[in-house]
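Those sequence lines, one after another, are chains A and B. Numbering follows the working numbering, in which position 178 of the first sequence is assigned residue number 178; successive positions increment by one, without gaps. Numbering follows the working numbering, in which position 138 of the second sequence is assigned residue number 138; successive positions increment by one, without gaps.
Just so you know, not all the hints are guaranteed correct.
Remember, identical chains collapse to one label, so a pair may be satisfied in a single copy or spanning two.
Here are the simulated lysine-lysine pairs, DSS-like style, with alpha carbons at most 30 Å apart [said to hold, decoys possible]:
id, residue 1, residue 2
1, K30, K179
2, K141, K179
3, K255, K224
4, K255, K328
5, K141, K224
6, K197, K51
7, K191, K120
8, K120, K83
9, K332, K51
10, K120, K197
11, K191, K179
No lab work stands behind these hints: they were computed from the structure. Computed from a predicted structure; not experimentally measured.
Protein chains: 2
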Amino acid sequence: MSRLTLALDIMGGDNGPHIIFDAALTALQKTPHLHLILCGPLTIMSQWLNKQLPNIQARIRLCDCPQQVAMDEAPAHALRYKKQSSMRRILDLVHNNEADACISSGNTGALLAIANYVLKTLPGIDRPALVSLVPTINNGKVYFLDLGANINCDSEVLFQYAVMGSVLAEQIADIKQPKVALLNVGSEEIKGNDQVKQTAKLLTDSQHINYIGYVEGNDIFSQKADVIVTDGFVGNIAMKSWEGLVNFAIQEVRKASQHNWLSKIVANIAIPFFRSIYLRMKPDQYNGASLIGLRGIVVKSHGNASSESFLYAIREAIEQVEMRVPDKIKDKIEAVLMERHE
Amino acid sequence: MSRLTLALDIMGGDNGPHIIFDAALTALQKTPHLHLILCGPLTIMSQWLNKQLPNIQARIRLCDCPQQVAMDEAPAHALRYKKQSSMRRILDLVHNNEADACISSGNTGALLAIANYVLKTLPGIDRPALVSLVPTINNGKVYFLDLGANINCDSEVLFQYAVMGSVLAEQIADIKQPKVALLNVGSEEIKGNDQVKQTAKLLTDSQHINYIGYVEGNDIFSQKADVIVTDGFVGNIAMKSWEGLVNFAIQEVRKASQHNWLSKIVANIAIPFFRSIYLRMKPDQYNGASLIGLRGIVVKSHGNASSESFLYAIREAIEQVEMRVPDKIKDKIEAVLMERHE
C-alpha cells in the first residue's frame with residue numbers, strides 16, 4: 001500500500017503531548033505504510049523522537065510550531081493571530097497536500113474556524129459538519145450530526161448533512177443504503193418546524209438517500225437509523241445533556257452507596273460500569289468527531305482524550321483517507337444536484 | 001380552608017381509570033377541603049363511587065362524558081370533533097369556574113390544543129408552555145421549559161417562559177429570586193443563535209428576573225439554575241433523548257448481566273436502581289408536567305402514570321391553585337411590561 005501521511009497537533013490535549021506520542025508510536029507500529037508529521041514545539045518533540053528506534057524515526061517528520069491555540073481562545077482570535085500554531089500548521093499541511101489528513105485534540109471552535117478558512121468546503125457543500133458515532137442498543141452505532149459546527153442550518157444545509165452522513169456510513173461503517181432520519185419532535189409528517197419539514201421534502205425527493213423519516217429523541221439510541229441529522233444547536237445541547245445525565249447518574253449511585261455495606265459493594269461494582277457508559281455518551285471523547293464537508297480530512301479527538309482514544313482518532317483518519325471520503329461526498333453531492341436538474 | 005375543586009379526566013391514562021380512582025381517593029382522604037369532579041363514562045364512575053364511604057361520595061361529582069380523546073388522535077381532530085369528551089369537559093369546567101384546576105393523563109398534543117382554545121392565554125402571554133421538574137444532583141430540581149408546547153419560539157416567547165418558570169419556582173418551590181438560565185451551546189456571550197441572544201438581552205434588561213446567563217446541555221443536571229428556558233423543539237428532543245439514554249443503559253446492564261453469576265446478581269440489584277433514574281428522567285411521568293400561561297390551571301400526568309404519579313399531579317394542581325399561579329404570572333408579566341415602558 002502506498003504511503004499515508006497524517007499531521008498531528010501535539011499541543012491540543014489537556015493531558016500533555018505524551019498521550020499523543022504514545023498513540024503515534026502504536027499507530028506507526030501497527031500500520032507499516034503510515035508516516036507522521038508532528039506539529040508542536042521542536043524541543044519537546046525531538047526529545048521524544050531521539051529515544052525511538054531508527055525505523056520509527058524514519059517515518060516521522062517534525063514541524064516546529066512556536067505558537068499554540070489555547071483551549072479557551074476565541075476562534076476568531078486563533079484564526080487571526082495564531083498562524084504559527086500547531087493547529088494551523090496541520091491544516092496547512094493538508095491544504096498543501098503534504099499530509100493526507102490531520103488530527104487535533106485542541107479547541108473545537110478554533111479548529112472549526114481555521115479548518116473552514118484553510119481548507120474550504122467541497123463544491124456543493126455550504127458548511128462543514130461535526131459528526132460522531134453514538135452507541136445504540138445491540139452494539140449498534142449511529143452517525144449523529146451536527147454536533148455544533150453550525151448553529152443556524154437551513155434545509156439545504158441539513159440536506160447536505162444527510163448526504164455526508166450517508167457517505168460516512170456507507171464508506172466507513174460499510175452499511176449498504178444507510179437509513180437516514182431527521183431528528184424531530186414527533187414521527188408524524190405534520191410535526192416539526194419549517195426547516196425540518198422542508199428538509200424532509202428534499203430528502204424524500206432524492207433517489208440517492210435512503211430517507212426513513214423522522215425520529216424522536218428517545219429513538220436516538222434505538223438503532224432505528226444509521227444516520228441522524230439535526231442542526232448544530234440541537235445536536236450540541238442533546239449530546240452535552242447526555243454527558244450531564246450520566247454524570248448525574250454516577251453521583252446518584254455514589255449517594256445510594258452510602259446507605260449500608262451491601263449498597264457500598266453494589267456501587268463499587270456499578271460505578272465503573274456507569275463510567276464506561278459515560279465515556280460512550282461523550283461520543284467525541286470515545287470515538288473522536290470528524291469535521292466533514294471540507295476539501296481535506298480533519299479528525300477531532302477529545303481535549304481530555306486518553307492515548308487509546310487518540311489512537312482511535314488516528315484510525316478514523318486513516319480509514320477516511322483510504323476510503324477517500326471527501327471525494328465520495330463530492331461525488332454524491334454532484335449526483336444529487338444533477339438529479340435535481342433532471 | 002375554603003373548598004377547592006379539581007376536575008379529573010378519568011379516561012386519559014394507558015392503565016385504565018382505576019389508577020385515577022385510587023389517586024382520587026387518597027387525595028380526598030388527605031385533603032379535607034378537596035372536592036372532585038370526575039369526567040368520563042357514567043357507568044364506570046358510578047360503579048366505583050357506589051362502593052365509597054358517604055363522606056367521600058359527598059365530595060365527588062360525576063360528569064358523564066360519552067366521548068374520549070384517543071392517545072394517537074390528531075390534536076386538530078380532537079379539538080373539532082371531541083366536544084363531549086372527558087378531556088374537553090375538564091377544561092370547560094375550569095373555564096366556567098366550576099373547577100379550580102384540571103388534570104388529564106391523556107394525549108398531550110390534544111390537551112395543549114384544547115386547553116389553549118378553551119382557556120386562552122393570560123394577558124401578556126403569547127403562548128402557553130409545558131414545564132416540568134427535572135432532578136439535579138444533591139436532590140435538587142430545576143424547572144425545565146418548554147417541553148414541546150411550541151416548536152417555534154421567538155425571543156419574546158422565550159422571555160415570557162423565563163417569567164413563568166420564575167413564578168413557578170418562587171411560588172411552588174419556594175425559591176427566593178430563582179436563578180433563571182437560557183439553554184445554549186456555550187456559556188460565552190457571543191454563543192448561540194439570534195433568538196437566544198435576543199432573549200438574553202431582554203432578560204438582562206429586566207429587574208424582575210434573576211437572569212444568570214447561558215447554561216450548556218451538561219449543566220442541566222448540575223444545579224446551576226432553578227429555571228432553564230429553551231424552545232419546545234430543543235426541550236422536547238432533549239427530554240426524550242434522556243428517556244432513550246436511560247433505556248439504553250438498562251439494556252446495557254441486562255447485557256452485562258449475562259456474563260456470569262456475579263454479574264447476574266449485580267444486574268438484578270442495579271436494574272431497579274436504573275429504573276428509578278429512568279422514571280426521574282421522564283420528568284412528565286415522575287412529576288407531571290404543567291401547562292402554564294393559560295387563564296386556568298392544567299396539569300398533565302403521564303399517560304403511563306401510576307396511581308402515585310397521578311397523586312403527585314393532583315398535589316401539584318392543588319399547590320398551583322393555593323398559590324394562585326396564573327394570577328402571579330399575570331402580575332409578573334404586567335410588572336415586566338410596565339418596566340419596559342418606564
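Hints, one by one, checked against the model:
1. K30 - K179: neither (33 Å within a copy, 53 Å between copies)
2. K141 - K179: Within one copy, since 12 Å is at most 30 Å while 38 Å is not.
3. K255 - K224: Between copies only: 19 Å across chains, 35 Å inside a chain, cut-off 30 Å.
4. K255 - K328: neither (50 Å within a copy, 37 Å between copies)
5. K141 - K224: Within one copy, since 10 Å is at most 30 Å while 32 Å is not.
6. K197 - K51: Neither way: K197 and K51 sit 58 Å apart in one copy and 52 Å across, limit 30 Å.
7. K191 - K120: between (35 Å within a copy, 22 Å between copies)
8. K120 - K83: within (17 Å within a copy, 58 Å between copies)
9. K332 - K51: neither (46 Å within a copy, 69 Å between copies)
10. K120 - K197: Cα proximity of K120 and K197: in one copy and across copies (29 Å, 28 Å).
11. K191 - K179: within (20 Å within a copy, 32 Å between copies)
The structure is inconsistent with the numbered hints 1, 4, 6, 9, although it conforms to all the rest.
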